[in-house]
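Protein chains: 2
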Amino acid sequence: RTSRVTPGLISCPICLDLYSEIIESGRLVVSTKCGHVFCSQCLRDSLTSSQTCPTCRKKLTRSMYHPLYI
Amino acid sequence: RTSRVTPGLISCPICLDLYSEIIESGRLVVSTKCGHVFCSQCLRDSLTSSQTCPTCRKKLTRSMYHPLYI
Ligand SMILES: [Zn+2]
Ligand SMILES: [Zn+2]
Ligand SMILES: [Zn+2]
Ligand SMILES: [Zn+2]
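In order, the protein sequences belong to chains A and B.
Going by the working numbering, the first sequence wraps up at 70, each residue one higher than the last.
Going by the working numbering, the second sequence wraps up at 70, each residue one higher than the last.
Bound conformation, chain A alone:
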């Protein structure tokens, strides 16, 4: 679980932007195969330095995450 206050309300645990801020700035909300959610920019940045999920540290490559249409 992330540290968000409202369960079910999406935000990026890296930049802390809310769903609405992510979408309005042209980013996507993405989910990894391990089930963790980020904004597309933060996850892309993170994968340039480490091929692991920023939340759970499982192996993570480009083919292992996808946009979330919510």
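Incorrect hints may appear among the rest.
Chain copies aren't distinguished; within one or between two, either way the pair holds.
Using 25 Å as the maximum straight-line C-alpha spacing, the simulated DMTMM-like pairs for lysine to aspartate or glutamate come out as follows [stated by the list, open to error]: (1) K33 x D45; (2) K59 x D45; (3) K33 x D17; (4) K33 x E21.
Since the hints were derived computationally from the structure, they do not count as laboratory data.
Chain A is fixed; fit chain B with the ligands onto it per the hints.
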């Protein structure tokens, strides 16, 4: 997009249960590889009759969705 009123607030588009109702009843919130979100029960039920995503109709098998930890 689903018909939810609040963007970023999770619900199941099949049973219309909110995130909190899904979790409290012991179900999981799951995401398909095509990026669509359901409660685990509705998606499981749907896959017994059709191997496609209930939202976008793309091919969908058991290995193509995962729990969402949000
Ligand atoms: Zn972010
Ligand atoms: Zn993860
Ligand atoms: Zn449901
Ligand atoms: Zn779909």
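Against the structure shown, which of the earlier numbered hints fail to hold, in ascending order? Of the numbered hints, all hold.
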